[in-house]
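Student: Counting in our numbering, the sequence shown runs from 381 upward without gaps.
To be clear, the hints were calculated from the coordinates, so they are not data collected in a lab.
Remember, predicted model here, so these are calculated numbers, not experimental data.
All clues stand as given, with none of them false.
Okay, the calculated beta carbon distance ranges per label pair:
id, residue 1, residue 2, range
1, 447, 408, 51 to 61 Å
2, 416, 396, 33 to 43 Å
3, 382, 410, 13 to 23 Å
4, 438, 406, 48 to 58 Å
The beta carbon of each residue, even a glycine, is placed where N, CA and C say it ideally should be.
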Amino acid sequence: MEIGLDQLIQAIKQLPAKQLIKLQAEINRTIPNRTEKEDFKNFLLQAPVFSEDQISLIEGARKSINTWGKN
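All chains should be modelled from the sequences, with the hints used to inform the complete structure.
Tutor: Structure follows, in structure tokens:
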């Protein structure tokens, strides 16, 4: 059955409340549930990372702080 997305949305809007609840339950069963672990993994994979220059600056600052603290 071929139906456009706009047509589908219009048809859904015309459903009675009980049928909307059934449709939502069916959609929730169809779409795989994502776990917190998967969400966290995706967050980490999409998070920003330090550049080599930034890492060098941090290392230099650490060395300076360590040297200053020993005096």
